[in-house]
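*Asks:* Here's the letter readout for the chains.
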Amino acid sequence: MAQQPNGSHGAGGHGHSSHKGHGSFKSYLIGFLLSIVLTIIPLVAILKDLVEGTAALVVLLVTAVLQFIVQLLFFMHLNEEDKPRYNLMTLIFGLVIVLTIVAGSIWIMTNNAVAH
Amino acid sequence: METTFLGRKRKRLEAAHADIGGHSAGGSHDEHHDHESLKTFGFWIFLITDCILFGTLFATYIVLRGNTNGGPTAEELFQMPGVIASTFILLTSSFTSGLAVLSMNRGNVKGLIGWLAVTALLGASFITLEITEFVHMVQAENATIGTSAFLSAFYTLVGTHGLHVSLGLVWMVALMIQLARHGITAVTKRKVNVISLYWHFLDVVWIFVFTIVYMMGVM
Numbered sequence: 001m002a003q004q005p006n007g008s009h010g011a012g013g014h015g016h017s018s019h020k021g022h023g024s025f026k027s028y029l030i031g032f033l034l035s036i037v038l039t040i041i042p043l044v045a046i047l048k049d050l051v052e053g054t055a056a057l058v059v060l061l062v063t064a065v066l067q068f069i070v071q072l073l074f075f076m077h078l079n080e081e082d083k084p085r086y087n088l089m090t091l092i093f094g095l096v097i098v099l100t101i102v103a104g105s106i107w108i109m110t111n112n113a114v115a116h
Numbered sequence: 001m002e003t004t005f006l007g008r009k010r011k012r013l014e015a016a017h018a019d020i021g022g023h024s025a026g027g028s029h030d031e032h033h034d035h036e037s038l039k040t041f042g043f044w045i046f047l048i049t050d051c052i053l054f055g056t057l058f059a060t061y062i063v064l065r066g067n068t069n070g071g072p073t074a075e076e077l078f079q080m081p082g083v084i085a086s087t088f089i090l091l092t093s094s095f096t097s098g099l100a101v102l103s104m105n106r107g108n109v110k111g112l113i114g115w116l117a118v119t120a121l122l123g124a125s126f127i128t129l130e131i132t133e134f135v136h137m138v139q140a141e142n143a144t145i146g147t148s149a150f151l152s153a154f155y156t157l158v159g160t161h162g163l164h165v166s167l168g169l170v171w172m173v174a175l176m177i178q179l180a181r182h183g184i185t186a187v188t189k190r191k192v193n194v195i196s197l198y199w200h201f202l203d204v205v206w207i208f209v210f211t212i213v214y215m216m217g218v219m
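Just so you know, the sequences run in chain order A and B. First residue of the first sequence? That's 1 in the UniProt record's numbering, and the numbers climb one at a time after it. First residue of the second sequence? That's 1 in the UniProt record's numbering, and the numbers climb one at a time after it.
Pulled out of the complex, with its shape left as it was, chain A reads as follows (with noise of 0.2 Å):
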């Protein structure tokens, strides 16, 4: 019984598209190591001094965003989704939102007479 899920699974996959849904070996140990280089390239730019001020941020930020994506399509195989892409749509609503409420509230708060 416990076999009998799987089974059907398995044969599902290798029948149409052999990773569909699931994902590789090879797949989590790229996205593993990408996602290593994009922790260390910040760590040595910053800790070492080697960009400053704004250019440090951008580095900052667009490591953080790029390993971001590494782990939705290496980790949460976000790319393998079936159409209509229900989950790839809730995703960008939510980062509308959350773009919204965290550049918007820099914004305000930057000109902000009351709080300075």
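Treat the hints as calculated values from the structure; they're not laboratory data. Treat the numbers as computed from the prediction; the structure is a model and nothing was measured. Note that the Cβ used here is the ideal one computed from N, Cα and C, for glycine as well. Wrong hints could be hidden among the right ones.
To be verified - Have a look at the derived ranges for each label pair, beta carbon to beta carbon:
1. B:Ala174 x A:Asp49: 42 to 52 Å
2. B:Ala180 x A:Val58: 44 to 54 Å
3. A:Lys83 x B:Pro81: 40 to 50 Å
The hints should help you fit chain B onto chain A, whose structure is shown.
*Replies:* Just chain B now, kept in the frame of chain A:
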């Protein structure tokens, strides 16, 4: 009293598992598959709302991080070696939870429980490091949640993430017990997929905590 309740609950669970087995054998497997994937999608929506929760805490932290009220600043307070260690620990645990899912897809229950155990151990070391950091900050630096607006926002943001990881640990242990009892069924399979998504999500949130709180704090 309690045993009868547990007994009843167990019987219901067994019936549910038998039901799934029977249906997939009967050929109407798709219906159950749809039901389980609908539950996974429901969990995905929860994760998105959790993103919004963390978004508000990040916004609060970014706005308040300069308001130290004469207390210690981020640069004085943060000790990067511990933070770097916990970052790599959580990153590795995100990878091992992926390996757990791979073992499951191969039908390997022992590998699945083993990788979940490794993930839980890494998560536990992450939490231990975080608690050590907080205790050090409160006792040695006198930096409590009431010291300044910066520290209130800091403890709320980092503490909420820590609570999520702790909750994930309890959940993971419960799931390992279920897996040992029932093996890989349609239900436990969905649960493993969902906890793995949750764990990757916590790693993603930590990337931004690491970048925005710690790296920008010591920059």
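*Asks:* Work down the list of hints and note, for each, if the structure agrees.
*Replies:* Comparing the hints with the structure gives:
{"no.": "1", "hint": "B:Ala174 x A:Asp49: 42 to 52 Å", "result": "46 Å, holds"}
{"no.": "2", "hint": "B:Ala180 x A:Val58: 44 to 54 Å", "result": "48 Å, holds"}
{"no.": "3", "hint": "A:Lys83 x B:Pro81: 40 to 50 Å", "result": "46 Å, holds"}
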